[in-house]
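For the record, the sequence lines run as chains P and V.
Per numbering that gives the first Met the number 0, residue 0 is the first one in the first sequence, and the count goes up by one each step.
Per numbering that gives the first Met the number 0, residue 0 is the first one in the second sequence, and the count goes up by one each step.
If you're looking for bench data, these hints aren't it; they were derived computationally from the structure.
On a predicted model such as this, the values are computed, not experimentally measured, just so you know.
Virtual Cβ for every residue (Gly too), placed ideally from N, Cα, C.
Among these hints, one or two may not hold up.
Unchecked claim - Beta-carbon label-pair distances, calculated as ranges:
| hint | chain 1 | residue 1 | chain 2 | residue 2 | range |
| --- | --- | --- | --- | --- | --- |
| 1 | V | 211 | P | 61 | 23 to 31 Å |
| 2 | P | 68 | V | 135 | 51 to 59 Å |
| 3 | P | 55 | V | 77 | 50 to 58 Å |
| 4 | V | 92 | P | 74 | 49 to 57 Å |
| 5 | P | 72 | V | 103 | 54 to 62 Å |
| 6 | V | 27 | P | 61 | 33 to 41 Å |
| 7 | V | 271 | P | 46 | 17 to 25 Å |
| 8 | V | 344 | P | 25 | 50 to 58 Å |
| 9 | V | 342 | P | 61 | 45 to 53 Å |
| 10 | V | 211 | P | 25 | 22 to 30 Å |
| 11 | V | 249 | P | 45 | 25 to 33 Å |
| 12 | V | 3 | P | 25 | 46 to 54 Å |
| 13 | P | 74 | V | 271 | 21 to 29 Å |
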Amino acid sequence: MDTQKQLEWLTDVLAVHGRVLTLDDTRHTVAEWDSMGDLMLLSHLEEDFGIVVSADELAAISSAKELFGLLERNNAVSAG
Amino acid sequence: MAQVSMKGMAVRGIVGCIPPKEVSNEKDYPWFDPAEIRKVTAMAGIKSRRVADDNTCTSDLCRAAAIRLMQKLNWDPRSVDGLILVTQTPDYVMPSTSCILQHRLGLPDTCAAFDVNLGCSAYVYGMWLANSLLHSKASRRILLLTGETPSKFVDPRDRTTALLFGDAGSATALEATDDADALAHYVMMTDGKGSGDLIVPGGMFRERFPEDRSRYCLHMEGAHVFDFTRNRVPPLIRDLFALSGTTPEDYAYFIFHQANEYLIKFLAGRVGIALEKVPLSIGEFGNTGAASVPLTLALAGPPSGTNGGPYQVMLLGFGVGLSWGGVSLQLPVDCLVDHFTYSAE
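Just chain V, same shape as in the assembly (with noise of 0.2 Å):
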């Protein structure tokens, strides 16, 4: 099991990006039975979402991210020797859509940049990886952009699908440190023998060119999911008590993965979480997918009553893979936590 506790790592700012396009799942689906709507956006929790247009991809998303994270910051982007795109939806098969970045960003050509393809865990999975980086000193200052662009893989007359996926890109500045309180706990699964229960089967190298256009489309088998979910994450989060010997009381917010809110809040309750300390973003931008996580926290904004302290957090992701982590870390008070809504050039 890859657990493990890392220092070296700051997390200076957090920002999320929506795009401008709300769609309402009561009223832009005609085809689909009003009462059909109703019963999932109550058990979902989704009432509307945001979707990109035809121009913008998860990169731009994360770009808008990125230019506004380290404008806030001051950061020189020449001071960038990391960038890690997790995301399922690249702007191409090839080349890495970190490398496009890298040079949109205006980063050095000393900054190593790569992809990573995860989705619902995707926040986490970065986060272990740059903390892994920042502590071996292979980098001084990383940005982690994770994003998606669902609503260009769904099928939008699928009602399995149609009504739960919400665009959207982040970006997080993460800077090595020696400060010894800086400590980091994760938490990191993996199950394969579920990776058919979401899956976009075609366009790739296994289904080239599929003569069936629902093969480019997103498959869920979402009673298979929601039983991964029920079984796997509660012991995710004791396993995080346990390696970061903190208890519920201890924490400001545990931000989950937004995948049904009906999900969370029995995930909360089984394992004796208050709902006060659970953010929600699904029921205005649905599930944005690796954007999740960092969104709802941004949304969410600094907590009150911190006293000038940091404040700890848990973030939790879980989904298509079947990949599942977590983290249990501090933020300091003066995190940036931030978001907007994207405009094109």
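Isolated chain P, as found in the complex (with noise of 0.2 Å):
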């Protein structure tokens, strides 16, 4: 999966309309991005990709650039 289809990915599980997320975009920077976009993403990174993590460990990470780096590390990239 390349950063672009990332990218659209975390867009359309965080349910962000009008525009697609870029690499520069943190949780400050997405209003969707709270404990329900949390919620979402602890559901789909496990269903999309198999990444089981805590929500502590997912609340740790700030921004698009560090989860796309969690999917990298978990070899993610293909599973998409």
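Starting from the two chains in their separate frames, assemble the complex, guided by the hints.
Set out below in structure tokens:
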């Protein structure tokens, strides 16, 4: 999964409308990345990539770039 | 760990009661983005819910369920000597709503009546408590009432909670028995370090009259609750299998607390439970808190293919507290399971 696909995936999971997220986006720039957003991410990380992270581990991730780093560390590049 | 196998209790009937007003997540929340609603609906599996009107409390729904239950079982209210109400939406801070219900149901003054403050695990804890009282012969007939009106403490503009919860009540008739086959297996657990993950912080005595009105509404750390459920419920189910000496194949139903359809299916898969044994009510009624387990069982009705014999069920509650527990027991095929729509008198 290339970066553009990852960004489209994150945009879809967080139900952001009107734009596609960029690598510069963080929890602070995306209103939808709140506790509900984390809940959606937890379920989609597991469902889409088989990646299980705890809520606390996810909470420590503050940007799109860090999240994609997690995907890549877990070899999720081709899973999507 | 609170694990126990107990004799002495027969389940005579279970009745669920839902209010008539239906709300649609898709149509009734125009202030949320439709894509966002579709996302939540897809994961949590909740399309609609029932909400009580301003004049209807948990006690009204439970009372109606109890009246229907006693009528259908031909139970004389004066024969009931125990009333347990498990809810987080009582009528008042004091007195106990169970005392009000004892009077409103026409139960005798020789009836022990008390409230228990639990939500998602309410039904399992209530049954465990009732079984203890019946086993010890402290009571002969108990009405276990569980219900919730979360629509009254949820902020309709809070996207983390607004689309999830529905109102409902239930009543279960439990009776002492000497039947040696009436054996129920319980596992009960608590982890209060997650108490802030589902909380209504204001309005009681820690925060009596907070100025911020949102403090009177439910706050939920959804990711933490998701994490808790994913980590804690599979071991609970395995403990119940071990304690009862059963396997998934022995069961007609696994009734999960209706918190999230995705999670329920995930949990079932994790422990090898076939989805056709997992009834769901969340799609139509949402998360009905303390009522979710008995309501789901009442909606499912008796399973087919019992050949007149009893059927094995596992009932699982998990959430606010954090509190979780399960019970594995047999229900007789003639156990009343019924549901209906509430109508104010």
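Tested hints:
Evaluation of the 23 to 31 Å hint for residue 211 of chain V and residue 61 of chain P yields a pass: the beta carbon distance comes to about 26 Å. The hint said 51 to 59 Å for the Cβ distance between residue 68 of chain P and residue 135 of chain V, and at roughly 58 Å that hint holds. Our hint of 50 to 58 Å for residue 55 of chain P and residue 77 of chain V holds, since their Cβ atoms are close to 54 Å apart. At about 54 Å, the beta-carbon gap between residue 92 of chain V and residue 74 of chain P stays in the expected band of 49 to 57 Å.
A hinted range of 54 to 62 Å holds for the C-beta pair residue 72 of chain P and residue 103 of chain V, which are about 60 Å apart. Here the CB-CB span from residue 27 of chain V to residue 61 of chain P is close to 34 Å, well matched to the stated 33 to 41 Å. Under the hint 17 to 25 Å, the C-beta atoms of residue 271 of chain V and residue 46 of chain P, about 19 Å apart, fit the expected range. About 55 Å separates the C-beta atoms of residue 344 of chain V and residue 25 of chain P, a value consistent with the hinted range of 50 to 58 Å.
For the pair residue 342 of chain V and residue 61 of chain P, the beta carbons lie near 52 Å from each other, so the given range of 45 to 53 Å is met. Under the hint 22 to 30 Å, the C-beta atoms of residue 211 of chain V and residue 25 of chain P, about 27 Å apart, fit the expected range. In this structure, residue 249 of chain V and residue 45 of chain P meet the distance hint of 25 to 33 Å, their C-beta atoms being roughly 29 Å apart. The hint said 46 to 54 Å for the Cβ distance between residue 3 of chain V and residue 25 of chain P, and at roughly 50 Å that hint holds.
In this structure the supplied range 21 to 29 Å holds for residue 74 of chain P paired with residue 271 of chain V, their Cβ-Cβ distance being about 27 Å.
No hint from the list above goes unmet by this structure.
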